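Undergrad: Sequence:
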Amino acid sequence: AYRIQAGSRRASQSAIVAMSLLYLLLQVSLVVASPQCEKHSKGNVMLQLGQKTRTTVDRRARRESLQGSEVREWEEFAGPFNRVCRGAGPTDNNPAYFEVRQKIPSIEACKDLCVQELGQEGCKGIEYNFLSKRCELWKRTEGIWAFDYPQWEGFTCLRYGWPGKYLIPVTGGLNQACRGPGGQNSESFYVVEAVRHMEDCRARCVASNICRGLEYSKGRCEIWHSEIATTESKTGFECLRYEPPTEPEEDTDEPPEWVI
274 AYRIQAGSRR ASQSAIVAMS LLYLLLQVSL VVASPQCEKH SKGNVMLQLG QKTRTTVDRR
334 ARRESLQGSE VREWEEFAGP FNRVCRGAGP TDNNPAYFEV RQKIPSIEAC KDLCVQELGQ
394 EGCKGIEYNF LSKRCELWKR TEGIWAFDYP QWEGFTCLRY GWPGKYLIPV TGGLNQACRG
454 PGGQNSESFY VVEAVRHMED CRARCVASNI CRGLEYSKGR CEIWHSEIAT TESKTGFECL
514 RYEPPTEPEE DTDEPPEWVI
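Going by the numbering used here, the sequence shown opens with residue 274, and the numbers climb by one from there.
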């Protein structure tokens, strides 16, 4: 019995010694690794802060680019149904208004081709037929004013420029004349065009190099390239201001997410 107890005591002492050595080794490992862990944690913090800053800057840049009539878009003219593009009226289809490209695989490819070949300001829209793969690149300076109902199926007419859907009535729009900062009405603020009706005036805005809004009255159209700040009550006038959507604020005031 004495030999058994002595053996058990020696085994217990050996286990205690082994555990003590293991604890010491663990402490030494933590001391050696701590600078690297601190460096890694700081790296994670800086990475997260950098990503947060980049996201905020990118978001601000997108919002600023949308302000002040700086965004051109594609929009369906006269709805999504079978339509062909025309110039001043339904029968105005002068071949000088457009360039034809055949065997274009998709409407997206036709749109890309228009901007690539004619440029942001030169591309006024496209007419595309998804059956024949025929693509018209419209370059008429005044833009696409009208449309027609074609005899054949598969046509789509798209205008490119300042989308008319973003022309918003100012102070109600009707019986309001556009005015600049401080209520000014300088002729340097706009270009005057002779048109038949409001839709013609809107089409001029869409096709303009810069359109911040328009004023329409009795066949007279003002395309504003300066800020429309306010209006003046005037019978028979209508004032619309170009107001593209802006992205909502997201997390711009929140502190960075610290990840350690």
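Check before you lean on any hint, since a few could be wrong.
[As the list claims (entries may be wrong)] Cβ pair distances, simulated, as ranges:
{"id": "1", "residue 1": "Thr519", "residue 2": "Phe354", "range": "18 to 24 angstroms"}
{"id": "2", "residue 1": "Asn458", "residue 2": "Phe354", "range": "23 to 29 angstroms"}
{"id": "3", "residue 1": "Glu500", "residue 2": "Ser405", "range": "25 to 31 angstroms"}
{"id": "4", "residue 1": "Glu516", "residue 2": "Glu472", "range": "48 to 54 angstroms"}
{"id": "5", "residue 1": "Gly445", "residue 2": "Glu381", "range": "36 to 42 angstroms"}
{"id": "6", "residue 1": "Gly492", "residue 2": "Trp425", "range": "41 to 47 angstroms"}
{"id": "7", "residue 1": "Ser405", "residue 2": "Pro454", "range": "49 to 55 angstroms"}
[To be verified] Taking lysine-lysine pairs in the DSS-like style, the calculated list, with each CA pair at most 25 angstroms apart, reads:
{"id": "8", "residue 1": "Lys412", "residue 2": "Lys376"}
{"id": "9", "residue 1": "Lys406", "residue 2": "Lys491"}
{"id": "10", "residue 1": "Lys406", "residue 2": "Lys438"}
{"id": "11", "residue 1": "Lys438", "residue 2": "Lys491"}
{"id": "12", "residue 1": "Lys406", "residue 2": "Lys384"}
{"id": "13", "residue 1": "Lys412", "residue 2": "Lys438"}
{"id": "14", "residue 1": "Lys412", "residue 2": "Lys384"}
{"id": "15", "residue 1": "Lys507", "residue 2": "Lys491"}
No lab work stands behind these hints, which were simulated from the structure alone.
All values derive from a computational prediction rather than experimental measurement.
The beta carbon of each residue, even a glycine, is placed where N, CA and C say it ideally should be.
Undergrad: Hint by hint, say whether it matches the structure.
TA: The hints, checked one at a time:
1. A hinted range of 18 to 24 angstroms for the beta carbons of Thr519 and Phe354 is inconsistent with their spacing of about 31 angstroms.
2. For the pair Asn458 and Phe354, the supplied restraint of 23 to 29 angstroms is violated, since their beta-carbon distance comes to about 40 angstroms.
3. Distance hint for Glu500 and Ser405: a CB-CB separation of about 45 angstroms, inconsistent with the stated range 25 to 31 angstroms.
4. A beta carbon spacing of about 19 angstroms between Glu516 and Glu472 contradicts the range 48 to 54 angstroms that was offered as a hint.
5. Under the hint 36 to 42 angstroms, the C-beta atoms of Gly445 and Glu381, about 38 angstroms apart, fit the expected range.
6. As the Cβ distance of Gly492 to Trp425 is approximately 35 angstroms, the hint placing it in 41 to 47 angstroms is violated.
7. With their beta carbons about 51 angstroms apart, Ser405 and Pro454 fall inside the hinted range of 49 to 55 angstroms.
8. Between Lys412 and Lys376, the direct Cα distance comes to roughly 20 angstroms. Compliance with the 25 angstroms bound is thereby established for this hinted pair.
9. For the suggested pair Lys406 and Lys491, the alpha carbons sit about 41 angstroms apart, so the restraint of at most 25 angstroms is broken.
10. Between Lys406 and Lys438, the direct Cα distance comes to roughly 28 angstroms. Violation of the 25 angstroms bound is thereby established for this hinted pair.
11. Distance restraint check for Lys438 and Lys491: the Cα-Cα separation of roughly 22 angstroms lies within the 25 angstroms cut-off, and the hinted pair is therefore satisfied.
12. Annotation: proposed proximity of Lys406 to Lys384 holds, straight-line Cα distance about 13 angstroms (limit 25 angstroms).
13. Distance restraint check for Lys412 and Lys438: the Cα-Cα separation of roughly 21 angstroms lies within the 25 angstroms cut-off, and the hinted pair is therefore satisfied.
14. Between Lys412 and Lys384 the alpha-carbon distance is near 13 angstroms, which keeps this suggested pair within the 25 angstroms criterion.
15. For the given pair, Lys507 sits about 13 angstroms from Lys491 by alpha-carbon distance, which is consistent with the 25 angstroms threshold.
Hints 1, 2, 3, 4, 6, 9 and 10 from the earlier list are contradicted by this structure; the remaining hints agree with it.
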